[in-house]
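The primary structure of each chain is shown beneath.
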Amino acid sequence: MENILMLFSGFSTVFAFNNLAACLFGALMGLIVGAMPGIGSLAGCALLLPLTYKFNPTTAIIMLGAVYYANMYGGAFSAILLNIPGDSPAVMTAVDGYPMATTRGRPGQALFVSNISSCIGGFIGILILTFTGPALAEIGLAFGPAEMTSLLLMAMTSVGWLMGESPIKGVIATLLGIILANIGMDTLSGSPRFNFGSLYLMGGIPFIPFVIGSVGFAQIIKIMENRNADPQKLNQKLTIRSSLLSIKEFRRLLPPAIRSGFLGTFVGVLPGAGATTAAFLGYAAQRPFKSEEPLGTGAVEGIAACEAANNAAAAGAFAPLLALGIPGSGTGAVLLGGLIMWGLTPGPLLFTKSPDFAWGLIASLYLANLCALFIAAGIIPFLVKILSVPIKLMIPLITVVCFVGAYSSSNSMYGVLVMLLSGVLGYILDKHKYPLAPMLLAFVLAPMLESNMRKAFIISQGSLSIFVTRPISLVFLAIMAALILFPVIKTAIKRIRKESPK
Amino acid sequence: MRIIKNKTLIPVCSGILAIFWFFYGITHYGFWDELKGPMPGFVPSLIAMVLFLISVFGVIQSFREKDTKKTLESWTILLAAFITFGIVFLIGMIPALMVFVFVWLKFYEKTGWKNTFIILLVSFSIAYGVFVVWLEVPFPRGLLFESFVYL
Numbered sequence: 001m002e003n004i005l006m007l008f009s010g011f012s013t014v015f016a017f018n019n020l021a022a023c024l025f026g027a028l029m030g031l032i033v034g035a036m037p038g039i040g041s042l043a044g045c046a047l048l049l050p051l052t053y054k055f056n057p058t059t060a061i062i063m064l065g066a067v068y069y070a071n072m073y074g075g076a077f078s079a080i081l082l083n084i085p086g087d088s089p090a091v092m093t094a095v096d097g098y099p100m101a102t103t104r105g106r107p108g109q110a111l112f113v114s115n116i117s118s119c120i121g122g123f124i125g126i127l128i129l130t131f132t133g134p135a136l137a138e139i140g141l142a143f144g145p146a147e148m149t150s151l152l153l154m155a156m157t158s159v160g161w162l163m164g165e166s167p168i169k170g171v172i173a174t175l176l177g178i179i180l181a182n183i184g185m186d187t188l189s190g191s192p193r194f195n196f197g198s199l200y201l202m203g204g205i206p207f208i209p210f211v212i213g214s215v216g217f218a219q220i221i222k223i224m225e226n227r228n229a230d231p232q233k234l235n236q237k238l239t240i241r242s243s244l245l246s247i248k249e250f251r252r253l254l255p256p257a258i259r260s261g262f263l264g265t266f267v268g269v270l271p272g273a274g275a276t277t278a279a280f281l282g283y284a285a286q287r288p289f290k291s292e293e294p295l296g297t298g299a300v301e302g303i304a305a306c307e308a309a310n311n312a313a314a315a316g317a318f319a320p321l322l323a324l325g326i327p328g329s330g331t332g333a334v335l336l337g338g339l340i341m342w343g344l345t346p347g348p349l350l351f352t353k354s355p356d357f358a359w360g361l362i363a364s365l366y367l368a369n370l371c372a373l374f375i376a377a378g379i380i381p382f383l384v385k386i387l388s389v390p391i392k393l394m395i396p397l398i399t400v401v402c403f404v405g406a407y408s409s410s411n412s413m414y415g416v417l418v419m420l421l422s423g424v425l426g427y428i429l430d431k432h433k434y435p436l437a438p439m440l441l442a443f444v445l446a447p448m449l450e451s452n453m454r455k456a457f458i459i460s461q462g463s464l465s466i467f468v469t470r471p472i473s474l475v476f477l478a479i480m481a482a483l484i485l486f487p488v489i490k491t492a493i494k495r496i497r498k499e500s501p502k
Numbered sequence: 503m504r505i506i507k508n509k510t511l512i513p514v515c516s517g518i519l520a521i522f523w524f525f526y527g528i529t530h531y532g533f534w535d536e537l538k539g540p541m542p543g544f545v546p547s548l549i550a551m552v553l554f555l556i557s558v559f560g561v562i563q564s565f566r567e568k569d570t571k572k573t574l575e576s577w578t579i580l581l582a583a584f585i586t587f588g589i590v591f592l593i594g595m596i597p598a599l600m601v602f603v604f605v606w607l608k609f610y611e612k613t614g615w616k617n618t619f620i621i622l623l624v625s626f627s628i629a630y631g632v633f634v635v636w637l638e639v640p641f642p643r644g645l646l647f648e649s650f651v652y653l
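Residue numbers (this note's numbering), protein chains in the order written: chain A, 1 to 502; chain B, 503 to 653.
No lab work stands behind these hints, which were simulated from the structure alone.
We put the beta carbon where it would ideally sit given N, CA and C, even for glycine.
Treat the hints with care, as some may be off.
[Unchecked claim] Capping the alpha-carbon separation at 27 Å, the derived lysine-lysine pairs in DSS-like fashion look like this:
1. A/K222 with B/K612
2. A/K248 with A/K290
3. A/K498 with B/K568
4. A/K433 with B/K568
5. B/K538 with A/K490
6. A/K222 with B/K509
7. A/K490 with A/K290
8. A/K222 with B/K538
9. B/K509 with B/K568
10. B/K509 with A/K431
11. B/K538 with A/K455
12. A/K433 with A/K494
13. A/K222 with B/K568
14. A/K290 with A/K433
15. A/K498 with A/K290
16. B/K568 with A/K431
17. A/K222 with A/K433
18. A/K455 with A/K290
19. A/K431 with A/K222
20. A/K490 with A/K433
21. A/K433 with B/K509
22. A/K494 with B/K608
[Claimed, not checked] Covered stretches of chain B (chain A as the covering partner; in silico rule of three or more C-beta atoms under 8 Å from a C-beta of chain A):
23. 555-562
24. 638-650
Let the hints inform the model, and build the full structure from the sequences given.
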């Protein structure tokens, strides 16, 4: 009850004119920045942080919160329309979003599914944050190195094993992702590793150019094969009304969005896990459930699962940030920097010492979620027009976006080189039907996996028992084993059933 | 008859990479230390071992798959992109990209002037308007521009 009263006082703070304007401006900027490949929420918040120097802390965090939130919406736009994820959490959105927009010729609906799912996931995340924020943060703290290792292994195995036509190909892609992430510096000692004497490689392979290349530029190489094909024949007028979802489609997206909303919030609370892990886990969790179209071919459920999860995680990440002062992601770290810059100390006392600030931020997330939904829905007809442009005209345009996006994320031509080379790798893998998403997931999560695994072994003095004696870790390992065995058992049962009539 | 077909290429390459990663990781960074525990080569070597085993299965599986078609046309854009990458050092990022868009559309795709101009304008708006003006990304200006500045 006390939380509800505090939330209402937070709303009274948000509805002050300057805060409302900051929230709207943040949502709009977040959408634009999020849709641009190579910028993403981290760079978006970092770029807009200087704008808040002259704001009071509450207005400033409201704007940055809205930027962060709307970024999650915007990241899906380029993923769905161009197959270039604006940010790492949108990698999974492209898996079903792009086929739905192109192969199925329903770009408006794909964007709407993404927006509505983001909104549902976001609301679930914010509601949970409102009522259980501090308690959730404590659960997150119960995750030690062993639990994190098991969680990450489960995330990687489930996506690698279950995605694509062959589990072996999925696992090879996952392991390649981890190997590429090994290049750079050792996660614990900071000493150079696998850099072969190169200063560039010492900094590792930058993720944004890597993802732009392996997904976006690889797509350009691929579409060169049928570049003279007609542009997408859109079977409806490019209006908001024609892009609206039917009741049946809304019913289809609701269960995965709600499921992923809860899952994403929980993952967002875990320090370091973030929206990317949430999106991958949300998608993996959708696999056992039925969908009208198979996942990966433009299924509504696929888009809903990952979009709801990543937005819920964005809300969940605020729990450890506000209650404990622990950022759950890179963007959380920027927001933490902002809090310190404005003279606030995040932690358990923040809610009591600066209630206007803490509850104003939580209330602004509700508003930012709605603002982002309406602004995103309003610009769908303009976005969809992109797909009616002939492919051969889009090739140089997307190449330009790949170049500038890759350069801007690293401020170096090394980023562009990484983009081009990973484009070749992505094309070759895709051509041989190796799924790219597990490789990208593994690439992002590998440093976290390695540092947690090594810490766990240091704690247990080399004993594997640490992973099975801790209940949370054991549960994750059991789920992982079940996920691995599920397709094997399913195939075996099918074979037995086929042979039994004979 | 070719021994290694297209379809076998990836698992064979990943297997070779795994062997190299395993030995390089163990010999250069160490695997386990009695006092310090896992060394920097621990996880890479472990992952390399698993990758090698899976690659063997991948090679076996690839024999049952159909070979993929080779299309040289796909690689034209890559060649053009690498040439543009080289030109960036000479004339800078934005001019190099505009030259690429113009040459690609006008001479490779034989597009009309109107469409070429529209795509050029959109490309320029994104590259210059958004990234240079708004986000203040310091794109390379190229040797030619730099030498003019110092003249």
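Query raised in the report: Looking back at the hints listed earlier, which ones does the structure fail to meet?
Result: 5, 8, 18 and 22
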